[in-house]
Structure formats: structure tokens, C-alpha cells
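Engineer: Sequence:
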Amino acid sequence: MRLPGPSEAFALFDDARVRGATRARLYRDPVEIVTAHAIHEVQPALDRIADAREAGLHVAGHMAYEAGLALEDRLLPLTRRHEQARTPLLWFGLFEGCRMIDPAMIPALLPDPAGCTVGAVTPLIDEAVYMKAFDQVQEMIRAGDIYQVNLTFPCDVSFTGDPMALYARARSRAAAGYGGVIRTGAQTLLSFSPELFFTLVRGQLTARPMKGTARRGADAAADAAAASLLASDPKQRAENLMIVDLLRNDLSRVSRAGSVTVPELFKVETFPTIHQLVSTVRARLLPGLGPVDVLRTLFPCGSITGAPKVRAMEVIDMMEPHVRGIYTGTMGWIDAQGNAAFNVAIRTICVDEGAGIGRIGLGSGVVADSRGPDEWAECLAKGRFLAR
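Counting from 1 along the sequence shown, just add 359 to a position and that's the residue number in our numbering.
Treat each hint with caution, since some may be false.
[Unchecked claim] Quick list of the computed label-pair ranges, beta carbon to beta carbon:
1) Ala579 - Arg433: 48 to 54 Å
2) Lys594 - Glu486: 39 to 45 Å
3) Gly503 - Glu712: 21 to 27 Å
4) Met490 - Pro466: 39 to 45 Å
5) Asp515 - Asp582: 29 to 35 Å
6) Pro466 - Gln402: 38 to 44 Å
7) Ala583 - Arg743: 15 to 21 Å
8) Pro403 - Ala583: 47 to 53 Å
9) Ala583 - Val390: 49 to 55 Å
10) Ser611 - Gly478: 43 to 49 Å
11) Glu623 - Arg501: 27 to 33 Å
12) Asp410 - Pro466: 35 to 41 Å
13) Lys594 - Val621: 17 to 23 Å
14) Gln495 - Glu623: 45 to 51 Å
[Claimed, not checked] Computed list of lysine-lysine pairs in BS3-like fashion (alpha-carbon distance at most 25 Å, straight line):
15) Lys491 - Lys668
16) Lys626 - Lys668
17) Lys668 - Lys594
18) Lys594 - Lys491
Everything labelled a hint here was simulated from the structure, so no lab data went into it.
The C-beta atom is built at its ideal place from N, Cα and C for all residues, glycine as well.
Start from the sequences, fold in the hints, and give me the full structure.
Structural biologist: Have a look at this one:
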């Protein structure tokens, strides 16, 4: 078996966790490609995806963050931003099936990681520009205009070799549960996301918002102390709880009354370079609704906007000079039975075919007691999985 070449459109969804990894899903040879390059094309494209799934096809692809502007009437005046995007607002392949792959087999299917070298992650804004935006966001928070804003910025990362070798090189360093590759022929998306947006399995919805970060310690004792401090830190817990409440509200719009629960709150999950605070929200889907209805209602994930969600997206439009593109959008799949899984496309690199530079976004949640230098450092820490 081999993975498709660079000229073939395909999607690979890959769980690289050290323990408990699930099988990978490979989608290749699409019977149709559904895309949206303009805001007015997003809703019809989602309609086509829903129809194809009901006709028995599988769906796999991605949505850019800016596609969310088409899903909320109040945000339509902001749609000028999408014209700067490097990726389509929406790209999905329609497939007759998918191949399930043992996660232990994935490294053997990828190119030799030694065939790729990676340069520094270089922010496209400097710290002074970030701090000015940070201060403005905090003024809005103090004024009661907003509770939390996820403030982000793009970075360039240079590399040599095949993008798939870059994926092979960073895969074990990220140890991401919701990663993968989408290759469209024009671009390659390499995702090392640790965050689940939602799954839908036989009518049960699960979301796992991730908010709250601590860098790993230099030794076992310091590392344990960092994880313990993260679990009990009032600022990090408040940041996480705001997004849990937002996701509870979003899920309630597509769920049976009284079915929304939070079975897990403030769990620390550990990755090679950072600890993250993660919670779990579950619900039962309303009869008559399907995965595309969930995607329309929940997208984009509240963990990468802030709260309240729509106002946070307006603030993001004001504060961030660059579009996000695939960063903080989603990559995912829907099977013919209506089960689905979508990630939050963080730690995700977009590479134009033939280019030796990828684009990755970094960000963090800003709340009332955030400190600018700490947030800037947290953002940079999230890009360290690419380092040597």
C-alpha cells in the first residue's frame, strides 16, 4: 500500500497519540470535489455535501475560519476578509468509501523524515503590534463589551523536501489525536491538532474544548508541578469554563432538551512540548438533524473565537490584520451512515504546492487577568513542536 502522490486529491485523518490511538482513515479517488471560493457559495456547498451523504457517499475535507462568516447574518458585513485567504473557504471530496489503517502502519507509509529540514517559525507581526492589539482587547473586556477573545497571528515556516516528509518529521513530536493531511493538488494541509471540534456517533455529540496552556517542565518534578498548577490556576480554569459554557449553548441548539452534559471538566492532557486543559461536553442530536446541520450551527468552534461568540468574531476582524484561512477552521469527515468527526485546525500548516514555505497560525485566549508578555510566550510555545 502507498499514499497517493502530490497530483492526487486525498484526505488522511490520523491519530498519532502514543496511547489509545484510533485507526486512521484514508479517502482517495473522489467522485466529485465540492468547493466554495466566495461567501455566497458556502451554504449551497454545504447543501450539496448533505445531499451527497444522504445518497450514500462519504465526505472528507476542510473549512476555513472565514467560512463561518457565511453562517451568521450579523457577520456578513465582514466578508471582505476572505478575499485575502490562501485556501478555499470550503473544500470537500465526495468518496465511495474509505480505507481504515492501523495507526502503527502510518509511519511506514510516509516519506523518510530525514528528507526534510525545518527552519524557524517566524511571526508575521512583531511583539509590539501584538501588544497593541492585546491592550485594545483588554480595554473591551474591562468595558464589558466582551469576556474573552482568542487573539492570533500567522507565522511562516520554511522547510526543504516533500510536505509529506515534513508531516512525517513533526508527527511524533506533536503526538496529536486529531491530525492528518489533505492534499488538493493546489495545496497541502498538514494538521497536528490536539483538539476535537466534535464527533457525532449514532446520534451522540461530543465536543472537547481545549483552553489553558502550560509549557512542559525541564525535569519530571518541574513538569508535574507545571501540570498541577495548570489544573488549579483560576485564570486558566475561568478561560476554559467560558468556552465550555459557550459550547454547551451551541450544542443545545441541535440537541434534545436536557441532554447536554459536562462529564469531564478541567482535565490536564500532556503533549511533547505543552500541557493543555481540556473539558468534555456531550449531547443527543435532535431527530431529523444530520452532521451538516451540526457543522452549520457550531462552526467555527468557540474555543478559537472567544465569548460571546459572534461579538468575539467581530473583535477578531478588527484586531487581526491577516485572515486565518484554514487555521482555526476545521478538517474532518462524514461517513455514509451520518457519523462524523471534525478537528479544530490549530497547529495546522498550509503549503502551496511547490513552495518551500508553509503558513501556520498561533494564538491564545485573552481574558481580564491575562498578561500580554505571557500570552505572546504561550503562542510561541505552541509552535515549538516543529523545532528540532
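Engineer: Run every hint past the structure and note whether it holds.
Structural biologist: Structure-based check of each hint:
1. Ala579 - Arg433: 48 to 54 Å: holds, 49 Å
2. Lys594 - Glu486: 39 to 45 Å: violated, 21 Å
3. Gly503 - Glu712: 21 to 27 Å: Hint violated: Cβ distance 47 Å, outside 21 to 27 Å.
4. Met490 - Pro466: 39 to 45 Å: At roughly 41 Å between Cβ atoms, Pro466 and Met490 fall inside 39 to 45 Å, so the hint holds.
5. Asp515 - Asp582: 29 to 35 Å: holds, 30 Å
6. Pro466 - Gln402: 38 to 44 Å: holds, 40 Å
7. Ala583 - Arg743: 15 to 21 Å: holds, 20 Å
8. Pro403 - Ala583: 47 to 53 Å: holds, 52 Å
9. Ala583 - Val390: 49 to 55 Å: holds, 51 Å
10. Ser611 - Gly478: 43 to 49 Å: holds, 45 Å
11. Glu623 - Arg501: 27 to 33 Å: holds, 32 Å
12. Asp410 - Pro466: 35 to 41 Å: Given a distance of about 37 Å, which is inside 35 to 41 Å, the answer is holds.
13. Lys594 - Val621: 17 to 23 Å: holds, 20 Å
14. Gln495 - Glu623: 45 to 51 Å: violated, 34 Å
15. Lys491 - Lys668: holds, 22 Å
16. Lys626 - Lys668: holds, 23 Å
17. Lys668 - Lys594: Status holds; Cα separation ~19 Å.
18. Lys594 - Lys491: Holds. Lys594 to Lys491 sits at ~21 Å (cutoff 25 Å).
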